[in-house]
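Sequence lines, in order, name chains F and C.
All residue numbers for the first sequence refer to my numbering, where the first residue is 1 and numbers rise by one.
All residue numbers for the second sequence refer to my numbering, where the first residue is 241 and numbers rise by one.
With a cut-off of at most 30 angstroms between alpha-carbon atoms, the simulated DSBU-like pairs for lysine-lysine come out as follows: (1) F:Lys90 with C:Lys243; (2) F:Lys100 with C:Lys446; (3) F:Lys205 with F:Lys67; (4) C:Lys380 with F:Lys90; (5) F:Lys100 with F:Lys46.
The following residues of chain C were derived to be distant from chain F, with all beta-carbon distances above 12 angstroms: (6) Cys325; (7) Ser384; (8) Asn422; (9) Ile423; (10) Ser432; (11) Val438.
Which bits of chain F does chain C cover? Going by a derived footprint, with three or more residues having C-beta under 8 angstroms, they are: (12) 49–60; (13) 85–94; (14) 99–108.
Keep in mind that the hints were calculated from the coordinates and are not lab data.
What you are looking at is a predicted structure, and each value in this text was computed from that prediction instead of being measured.
By construction, the Cβ of each residue, glycine as well, lies at the ideal position given by its N, Cα and C atoms.
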Amino acid sequence: MNIAEIRNLSKRYPSFNLKDISFSLEKGRIAGFIGRNGAGKTTTIKCMLNLVHPDSGEISYFGLPLKDNESEIKQRIGYSNGTINYYPRKKLSDIIAVTKSFYSNWDDVACYEYLKLFNLDLNKTPSELSEGMKVKVNLLLALSHRAEILILDEPTSGLDPFSRDELLEIFLMLKERGTAIFFSTHITSDLEKCADDIIYIHNGKLIASLPVKEFMKDLGQSGETLEETMLRIERSLRNV
Amino acid sequence: MYKLLRKELKLSASPLSYLFIAFGLMTLIPGYPILVGAFFISFGIFQSYQTAREANDILYSALLPISKADVVRSKFAFSIFIEMCGFSVMTITTVLRMTLLADSVVYRSNPLMNANLIFLGFALLIFGCFNAIFICGFFKTAYSYGKPFILYIFVAFIIIGIAETLHHIPGLEALNAFGFENIILQLTGLISGALLYVLFTFIALKKSIKRFEVVDL
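With the hints as extra help, turn the sequences into a complete structure.
Below, the structure written as structure tokens:
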């Protein structure tokens, strides 16, 4: 069952164009979103959250167009950006208390569990946390309202290998519960561990949106890892 | 709306926004252009916009399960709340000057604007201009606040200059009424200021919602 549908998404900037991006995200599947820096991953994600207005194309969640159902849809999706931190001088307890008040499905038990798992201190402020811990705060906010789909922009960047592994375990647990996960990353080994699908863009164009096995069968060569395949494709596209 | 205002008060607001409400007490300073107090109160609100930008507040708000129009409404709700707190302080001190201190020599011999209902009307006009020029200007980009604030400073001080000058013009002395003198004129000044405040704020809100809707974050 499709949870999200992105159809013919285009956005024109003076020096960059996102062209005709289409893919869908399914319930209980993990999709990895890959591409070089500047390929259009963050622009695509921002369009999917109505933060950036596409010039054309359609985005829908749960069969509802995002444009007309923004509040309702955002109740059911979770978003985390690995690098941005909100309210650096406010205590985490205050940030969580305010965020919680906006979600009808906020799960206090889940929130407490993630707090313990991520080893976060409610009395600390984001400015007192390391980059990796800030990523965890964003993840905590995205995970605690029982989102049916998680959209995560580089959620594992800045995390130590142990935390990354824990996070991937959480992804797999959420997948079992039927949550769809869409995450951009440069760490291809993370995708090899947990992704079901690969969505690959290059210079604003969709190269592939396929299950991992088909992706490797169609685009990979014998004995290659995902990273080696990606590097080879990037090199060949650069030479075109 | 309560949730949105709570978010503004707990997360986005600078402590200076609350502290600067006390500038409403400037109404009691003799020999001072007391309308500057209204400007300082709005300057306190401006501090919250600086704090909010550093805290990625607009992005955080836009990601909450609310519409983009609600993000704008929350900013207006906060500004109106602080303005009304400041206006309440100015009203209490003005009433004090109109009653208990109406015959005080320091106020009677003051060449500058007297604290009366017309003064309160001008204060509301300044707050309305803050909403219309600064907040509405901010939502053009949801990022840049320098230009709209400079434009607002310019307009606010022109209004203060006009208010301080008018009662010196022959025939307009009644604008500087003490106590309850010329009360109909005073009430007209207050009501006119209130109507302009509501009108400017309403137009600014509508325009800001339209502007923010097309901003890419």
